[in-house]
Amino acid sequence: MSSLDVDVIGGAYLEECAFPTRSICRGSGARAAAILASLGAQVSLHSFTGPSKCHFEEIARNLKFKLIARDKQTDISFHYSHPLARPQIFPTSVSIEEQSNETVKAKNVLVFGMIEGRIPVHADRAVYDPQDGINSKHYTDNGSSANELALVVSYSEGAALTGKLIPTEIAACLLMQPNVVTAIVKCGPQGALVATPNEMKWIGAFPSGRVYKIGSGDVFSAAFAFAWLTKGSSALLSAWFASRIVAAYVECGMDSIDALAVQGYWDDANKGLIERTNSVARIIPTSQIYLAGPFFTTAQRWAVDEARAALRDMGFRVFSPVHDVGLGSSDEVVQEDLFELGRSQVVLALLDGMDTGTIFEIGYARANGIPVIAVAESARDSDLTMLFGSGCSVVDDYSTGIYYACWQLMGDV
Amino acid sequence: MAGSGSRDTGIRPPKSPCSSLRFRTVLNSPQANIIKTLQVGDELPLSVLPSPPSPVVATHNGVAAGTVTGSQVNALINCIMSGFQFVAAVIEVRGGQCIVDVHIK
Numbered sequence: 001m002s003s004l005d006v007d008v009i010g011g012a013y014l015e016e017c018a019f020p021t022r023s024i025c026r027g028s029g030a031r032a033a034a035i036l037a038s039l040g041a042q043v044s045l046h047s048f049t050g051p052s053k054c055h056f057e058e059i060a061r062n063l064k065f066k067l068i069a070r071d072k073q074t075d076i077s078f079h080y081s082h083p084l085a086r087p088q089i090f091p092t093s094v095s096i097e098e099q100s101n102e103t104v105k106a107k108n109v110l111v112f113g114m115i116e117g118r119i120p121v122h123a124d125r126a127v128y129d130p131q132d133g134i135n136s137k138h139y140t141d142n143g144s145s146a147n148e149l150a151l152v153v154s155y156s157e158g159a160a161l162t163g164k165l166i167p168t169e170i171a172a173c174l175l176m177q178p179n180v181v182t183a184i185v186k187c188g189p190q191g192a193l194v195a196t197p198n199e200m201k202w203i204g205a206f207p208s209g210r211v212y213k214i215g216s217g218d219v220f221s222a223a224f225a226f227a228w229l230t231k232g233s234s235a236l237l238s239a240w241f242a243s244r245i246v247a248a249y250v251e252c253g254m255d256s257i258d259a260l261a262v263q264g265y266w267d268d269a270n271k272g273l274i275e276r277t278n279s280v281a282r283i284i285p286t287s288q289i290y291l292a293g294p295f296f297t298t299a300q301r302w303a304v305d306e307a308r309a310a311l312r313d314m315g316f317r318v319f320s321p322v323h324d325v326g327l328g329s330s331d332e333v334v335q336e337d338l339f340e341l342g343r344s345q346v347v348l349a350l351l352d353g354m355d356t357g358t359i360f361e362i363g364y365a366r367a368n369g370i371p372v373i374a375v376a377e378s379a380r381d382s383d384l385t386m387l388f389g390s391g392c393s394v395v396d397d398y399s400t401g402i403y404y405a406c407w408q409l410m411g412d413v
Numbered sequence: 414m415a416g417s418g419s420r421d422t423g424i425r426p427p428k429s430p431c432s433s434l435r436f437r438t439v440l441n442s443p444q445a446n447i448i449k450t451l452q453v454g455d456e457l458p459l460s461v462l463p464s465p466p467s468p469v470v471a472t473h474n475g476v477a478a479g480t481v482t483g484s485q486v487n488a489l490i491n492c493i494m495s496g497f498q499f500v501a502a503v504i505e506v507r508g509g510q511c512i513v514d515v516h517i518k
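These protein sequence lines map, in sequence, to chains A and B.
Heads up, the first sequence is in the working numbering, so the first residue is 1 and it goes up one at a time.
Heads up, the second sequence is in the working numbering, so the first residue is 414 and it goes up one at a time.
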């Protein structure tokens with residue numbers, strides 16, 4: 001068995017995003033298999049497939065990984081309105097598939113939590129990504145074992161698994177579990193904590209031109225697994241490599257990594273390791289993001305709500321006129337809105353319908369030297385002349401605009 | 414009817430495999446300066462754009478000629494993003510209108 005062999009255990013699901021429009025047969029397992037195969041690993045994906053089995057088989061052949069699929073009754077699908085939205089999952093209740101006594105035995109494995117129930121695994125070395133937020137399960141809960149186990153968890157998953165709330169305490173608690181040699185706790189804008197029994201270090205993200213977030217966690221785990229399992233890289237370098245591959249992925253959501261670019265990604269990872277590894281988490285500024293946008297239709301209000309929720313989920317302070325001041329006459333709301341605008345660090349403006357209030361807020365911000373990130377999904381260039389000419393950053397993608405506002409506040413752009 | 418039945422419909426899987434996906438369509442958002450240079454039989458490579466809302470673009474010598482939309486576009490996106498190469502072969506150019514046959518390369 002060559003050292004490039006990786007067995008992936010994970011979901012094969014249908015995924016759809018409304019904006020930007022995507023429709024794809026993936027899921028964590030299939031996406032990780034695609035990434036690993038494109039990086040040069042010999043991949044076997046163990047999963048469940050429903051009526052769409054033939055599509056997954058065809059994709060596996062084309063992306064050059066082996067699909068070992070057990071049958072299930074229905075396809076599971078995820079629908080996202082935008083890449084930062086919480087998905088709708090169909091069917092709404094999924095039965096745990098009948099588990100045979102069959103288990104996977106392999107040298108190197110990458111294991112994801114699965115909606116249908118995870119396939120038990122016995123491995124020499126394993127990377128485990130529990131996937132399921134506050135409902136996350138421990139790797140050994142289904143009888144799985146590994147001689148060496150690396151855990152890749154989000155903050156919420158780590159908190160659920162350990163009952164701890166501080167990233168270093170989460171990592172320390174995870175490292176106390178049998179055979180866990182590495183724990184990575186992903187903490188959004190603060191970076192990711194990479195913990196081993198010898199050290200705890202923080203890594204960061206690589207800013208990208210666009211952010212297609214769906215599946216980025218899967219990609220991180222897959223790239224980490226490639227570096228750690230097949231290259232024998234340290235956990236820290238593997239995590240930096242994973243971060244760089246994620247930046248390449250989120251540019252457009254393509255999960256085949258260009259072979260010609262991989263060496264450059266390793267170079268970037270090594271540079272990150274040397275120049276950007278930190279002993280402490282990055283601090284999220286307490287200054288606020290002003291969320292400008294119309295809220296006069298259901299769609300407009302929904303867009304404001306979603307942007308505010310996404311920013312707050314990432315730990316940022318947001319001032320949203322409709323949420324924080326409310327509706328009212330000009331005498332009642334304008335001065336308070338402008339006061340808060342004047343003490344904001346950055347403005348995120350949603351340019352739906354070129355609302356005059358939003359345009360005014362943008363001009364007011366620029367006149368006061370406040371950076372503006374403007375989301376213009378369907379605007380004419382001629383409507384944006386003043387924005388371009390006054391130094392606004394204009395993007396045509398909602399999620400990317402939200403990330404740009406975060407990066408602006410964090411000083412990354 | 415509100416309050417009854419189920420909306421548990423999920424996402425429709427592709428109707429046909431990528432290897433047999435083929436359809437005729439008219440290029441949307443045709444770029445006049447490119448369309449007028451096209452010949453019947455030209456094969457325009459298709460790619461998925463990262464930006465909304467029309468994600469599949471047909472190019473000629475690296476320049477956008479128009480976009481592909483319609484009921485089959487979701488299946489087309491799935492195939493292109495899964496590494497299959499598709500082209501829009503020019504069937505007819507009538508003024509600014511360009512009819513193409515979308516198929517695997």
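By construction, these hints were calculated from the structure, which means they are not laboratory data.
Some hints could be false.
[Said to hold, decoys possible] Here chain A is said to cover these stretches of chain B; the calculated rule only asks that three of the stretch's residues, wherever they fall, bring their Cβ under 8 Å from a Cβ of chain A:
#, region
1, 433 to 447
2, 463 to 474
[What the hints assert, rightly or not] Pairs of lysine to any residue, SDA-like flavour, derived with a Cα cap of 25 Å:
#, chain 1, residue 1, chain 2, residue 2
3, B, 518, A, 93
4, B, 428, A, 138
5, A, 72, B, 426
6, A, 72, B, 460
7, A, 64, B, 450
The beta carbon of each residue, even a glycine, is placed where N, CA and C say it ideally should be.
If you check each hint against the structure, which ones fail? 1, 3, 4, 6, 7
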